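Participant: Chain by chain, the residues run as shown.
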Amino acid sequence: MMLTIGFLVNPIAGMGGAVGLKGTDGLISEAIRRGAEPEAGKRALAALRPLRGLPLRFLSCSGGMGEDILRSAGFTGFDVVYQAPDVTSADDTRSACMLFESRGADLILFCGGDGTARDVYDTVLDRVPVLGIPAGVKMYSAVFALTPEAAAEIVHHLVSTPPLLREAEIVDVDEEAYRHGELRTRLHGYVRSPCQPGLMQDTKQVWEDQDEEKAKEGIGKFLAEVIRGTPEFLYLLGPGSTTRAIARELGVDKTLLGFDAVKEGTLIASDLNEEGMLGILSGETPCRLVISIIGAQGSVLGRGTRQVSPTVLRMIGTENVIVVATPHKLSETPLLFFDTGDRELDAAFGKSVSVISGYHIAQRKRIGRISSGN
Amino acid sequence: MKTKIFLDEEEMPKRWYNILADLPSPMDPPLNPQTKKPVGPDDLAVIFPMELIRQEMSPDRFIDIPEEVRDVLRLWRPSPLYRARRLEQALKTPAKIYYKWEGVSPAGSHKPNTSVPQAYYNMKEGVERIATETGAGQWGSALAFATMLYDIECTIYMVRASYTQKPYRKSMMQVWGAECIPSPSTKTNAGRAMLEKDPDTPGSLGVAISEAVEDAATHKNTHYSLGSVLNHVCLHQTIMGLECREQLASVESYPDVVIGCVGGGSNFAGISFPFAGDKLTGKHPEVEILGVEPASCPTLTKGLYAYDFGDEAGLTPIMKMYTLGHDFIPPSIHAGGLRYHGDSPIVSKLVHDGVMRAVSYHQTEVFDAAQTFARSEGIIVAPETSHAVKAAIDEALKCRKTGEAKTILFNASGHGNFDMSAYDAYYAGKLVDYEYPDALIREALSRLPKVP
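Quick note, the sequences are listed as chains A and B, same order.
Throughout the first sequence, residue numbering follows the numbering used here, covering 1 to 374 in sequence.
Throughout the second sequence, residue numbering follows the numbering used here, covering 1001 to 1452 in sequence.
Isolated chain B (complex conformation) (with noise of 0.2 angstroms):
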């Protein structure tokens, strides 16, 4: 029985998959943030290369992915699915584990899926600069990669409480030839008057990207990227997914329950959307899906469904998500990738529908797991991917009881390597289980999320 199942180069997927082909009802479209009306293409021709726009919006089913990004994605693709067998022993379940691994990619998680094809557009457009936001420094990482190889330049606003707890990834932009700022920082509007109201402040990724789509917006040569949360973003991790679905076909399996991690939206979307159209086309009506955020930013969970700025500032168009309110600075947890007041408009519309679901975990439970993983199959992943773990570990330990051998796939979106220090913390009992005290929060005055 094989331990990992790979694919060749040429079996690589020539095509992204767009769920938005098989939503069964429309989505709730974008709105200018100062119209208030529905955006079209010319609204964000100013920050996005046209094609990125066209792909925003395309109704199409399937859309090619150029051969030039092909090359390039084959230095790490298709990678590798796992069977988790040891876990499997150490949880005595008779659930069958597979876990994608996307630790494999240059930046060591799944984000150059996205950021190589987004650079490309842009070369193709003649951009020579971008200017983006991280979280975690998994997408500037990424990102820097990506322009390094069209020669664009790059300026990343990195989440301050992030850029100071994850120095390496800082320094692995840098080899990429990227310039990263922590975000808020005095070089936009948006970051002066967030440090304006509070000089302390870990920052977030909704003032990050604040202060990156201004940068764009100010600068000519200058486009704006973003690692999540968007349907093109979405479209490019369906890869994953798609790698996923003939891996698991050429062992004659079909995953029971899909799990990821989500902060934006976008790993969760990769690995699920091939599945999500599976079940709302009827051919696997059956597989459950499911999207795993913190406890401390639980958007889908504990958020409001409506129409909100996916920034700080509300300089981006205005979306209809699952939102904790556009102004929610999360805790600075240690899985920085997940802390995002809001989440993809996509990924929203199918919780809401009933398509998908999503639970939420403490921060010391899932370092608890992620400890589990790394002491059976050996690797030590990123935080956020230990939300995906933990939950993969809680749906195996019910098989257990139930004696049920279902089959679970996750995503295994990163590794930790740079991650150590939260690992240290967990060790010293210093994790704080942040959460959001949502009961609370409606019934003060404030009440709900200010939304527009």
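The following block holds chain A by itself, in its conformation from the complex (with noise of 0.2 angstroms):
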């Protein structure tokens, strides 16, 4: 089957990160006056090298966000849609999926790092699947391979079984906080990216592998019995589409990036910030929080939910937070990670947590420790 796949490399992505900025973002005059080269070129071409032979259309931009990659690793015939500018940005990058979309691209193949995957959500959504070669300084979506090689074989997979497809986290990371040492995260939306689970997984996980939606559709059913079935807590359901098939069990709408308050299956708060938990949770009514895995990193809480604060988390209680992941999920985060800010509060959490998993399904994971905190 022929595919026809946008290409696009962020030049500078990585820089940063060589001489020592933690990101690119606003520096790249920085990273240069340092010394830094380019590095996404090569880590594009190690990806591209081994796609040769295989029935694929390249549709890419001018010189080095693309055109210069695809020559070095020997392709020729492909169609530059984008004449890139000698110092590119992120409209750069916008621009070309736009045109990538509107040429019929089976997928995207982005060489970058966080912020290139910010920029081709914001321009395709999940219209188009997305993939990532990890090039930049921070990759903490789960859009990106492990390695450019593992994307070029994920590519060969795409040619010659059906895709399979999941949704992948796209997040936002503070760069000027992460230089700072504290890495604060906010999810930014959902990508469709390809996986590939009898690439690396062993046939027994293959089962439960095979369809992200109905894992989802099953921690849903058993959520909402559970929230039907307890009319006496109110329920704060975290951001993400695990969380949100649980309102759509409820016939509840739920805000996909925000935490929302559901009580005897009906709609209370939506979109709540540390304040709003605070007035609601300051009532009589006892409390759960509902939170799924953000990111590829196997953060539960403090990545991206900066919402629930050590206080809020206090009033909530620990052993009242259900953590809920579609076994895929799991199967790519061995260690689970919560980073309330606290560590007093981490540690409660204790050694492991059941995660629920599927319809009447659990599985232990173990937690990791981070050495940030007060």
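One thing to keep in mind: the hints can contain errors.
Derived SDA-like pairs: lysine to any residue, alpha-carbon spacing no greater than 25 angstroms straight-line [claimed, not checked]:
id	chain 1	residue 1	chain 2	residue 2
1	A	Lys263	A	Glu275
2	A	Lys221	B	Asp1198
3	B	Lys1430	A	Arg186
4	B	Lys1014	B	Leu1149
5	B	Lys1430	A	Glu213
If you want the footprint, here are the derived chain A segments under chain B, 3+ residues with CB under 8 angstroms [claimed, not checked]:
id	region
6	78-87
7	106-116
8	358-364
For the record, the hints were derived by calculation from the structure and aren't laboratory data.
Every value quoted in this text rests on a predicted model; they were computed, and no experiment measured them.
Virtual Cβ for every residue (Gly too), placed ideally from N, Cα, C.
Relying on the hints, combine the two individually framed chains into one complex.
Facilitator: Here it is in structure tokens:
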């Protein structure tokens, strides 16, 4: 099957990291001054070389944003659909993606970091499947293959078998805070990304991994039953599509990226910030927090969920936190992390946690320790 | 000091032990799924030979093993009892650990202890074909072996997850002349209904039982055969515990703790019922009996003691037992033989009455234990058996703390030679520690399992 790939490289991705800048956004001049050299092209080349000979049609950008790398990898006959300037920016990524989509790309293969992933997402949302070749300083989004070679292997599979797609989170990282040693992330959105469970997992796990949507439905159905069966509790449903599946079962219109409150199966409040949560928790009603794993790093609380401050969490009680995740997500995250910003609270979760992974099924997962916190 | 304790072939038990005779209170009767009235022999005659039905309900303490059956059992019985001295040394425990090694049977597990008499009684009644289910393939291969001996056709519905994971079990069944079909299949109404509900289902023992029962009930020349759960199956397996008691007596010993893994309960029943009988009759009131199950399918530890169907489609008699609900599909752990929503009614009653107790473990920790066992005793056990190994090791480690020199007996019910993909997954760090979130399930609106 001929596959049309929109291919782009963020030429400056990763340059900041090499010279200790923890990110490149807004700092390209400083990175170059410190002697940084473009790295992304080399990584993109490593992903492209194994693809020679496959029935692929590339749409790309001029120069270092795609064309040069394709030629170095031995490809000819591709379409340069976007003329990139000498110095590229986020706008160029977005413009190229817009053209890829309009020219019928089956997949956008980009090389960059979280910033590039965010720009791709902002343009195509979940309309075109996206796969990242890792080259940035920070790669907390779940859209990246483990290595450039792994990206190539996934494309190989896409050519020979029908694509198996899953949702992958795009997360925002506050680069300024990151440079000061604090990882502050926020869920930005979801793209669709190809995955190959058979590539890395044994046959047993393939059963559960084949259908993310079915797993979410199972989780949604189970937790909806629990919520209906415990009218005495107020439930805070955290961000993400897994928790949204619970709301769907309840017939509630939940925000994708926010914390929403549900009581007796009815939506009480949407998109709560810390203050909003404290307001709701100040009553007598006992509360439970239902939360999923954010990003590709196994983070349960902390990354992307700063609304749940230590004060909020103390009022809820760590025993009232219910963690949910699909089997596929869990297979990618050997350790889970609670990073509430308060070590005592983190420790209260113990050494392992039971994660609801389907209808009437959970998985026991080990909890890792993060050194940050007060 | 002996490492292996043998009995002569002539010392092999001549009678099975029927614990029903020693129960302090009667069992709640199985009920007909249609009438909800107690099942009578006639209800079962469609799918079982009359002698097995008699055994199922017999009040006799001992039941003779036919000489023709003993003759076949002599191929591997009496099986050896090992003193696990190297394991004791590895654990630095004062405990004395013994294990009954059932991996010496042709099928590699304890299952032929009942498949042979079941096939024999069917042959005596002129049955031409038997349908059955199998979880991990241990039972299927054992029945394939037994039906071959008596020239009976055999069709085996193998739980799909195991069919994929353990292709060589299927090969064994073929060698012995049986037909092996992945379940759910399109051959039965029960299978088709399940596939319609979920085309990607890994299957379950509950569904496979429905298929085999339906097959037997809809073919005149066909009977059904079950590898666990039922009273007569537990009865046949008592040959293991009876041999153990003799073997231990020959070295002037008696166990403080008896351990077996539990799926449907027959392996556990087989090793423990003779000792449970000693406990019930006051001969050894102190003996502790421990069933070990997976945390992903914790029937005895987290299930409800209630009447429920033995299968997914509700075709079998309704039995009083510990259950997670007959519609519960356990996750695809490697110990496929322990993926059963219910349990033997006798084992359930004994646990409920406090004669036995149960524990559950996660998948990874039982493989840790199996590795410890393989690296000390040499034998690579089946994933099911590794649950018993884990509990035995934990008991021995408790002894290390307390300084007690307890005698621990466990049933090494089968070898893991066809389970190396499970060990591969273990070494690749890919085992998933599934568990049953019982607290939340009890809160859910569906609340407790749907029992009739």
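Participant: With reference to the structure, classify each hint as holding or not holding.
Facilitator: Consistency of the hints with the structure:
1. A:Lys263 <-> A:Glu275: 19 angstroms, holds
2. A:Lys221 <-> B:Asp1198: 15 angstroms, holds
3. B:Lys1430 <-> A:Arg186: 29 angstroms, violated
4. B:Lys1014 <-> B:Leu1149: With a Cα-Cα distance of about 21 angstroms, the restraint between Lys1014 (chain B) and Leu1149 (chain B) holds, given a limit of 25 angstroms.
5. B:Lys1430 <-> A:Glu213: 22 angstroms, holds
6. 78-87: violated (count 0)
7. 106-116: As far as the region 106-116 of chain A goes, the hint is violated, because 0 residues have Cβ atoms under 8 angstroms from chain B.
8. 358-364: holds (count 6)
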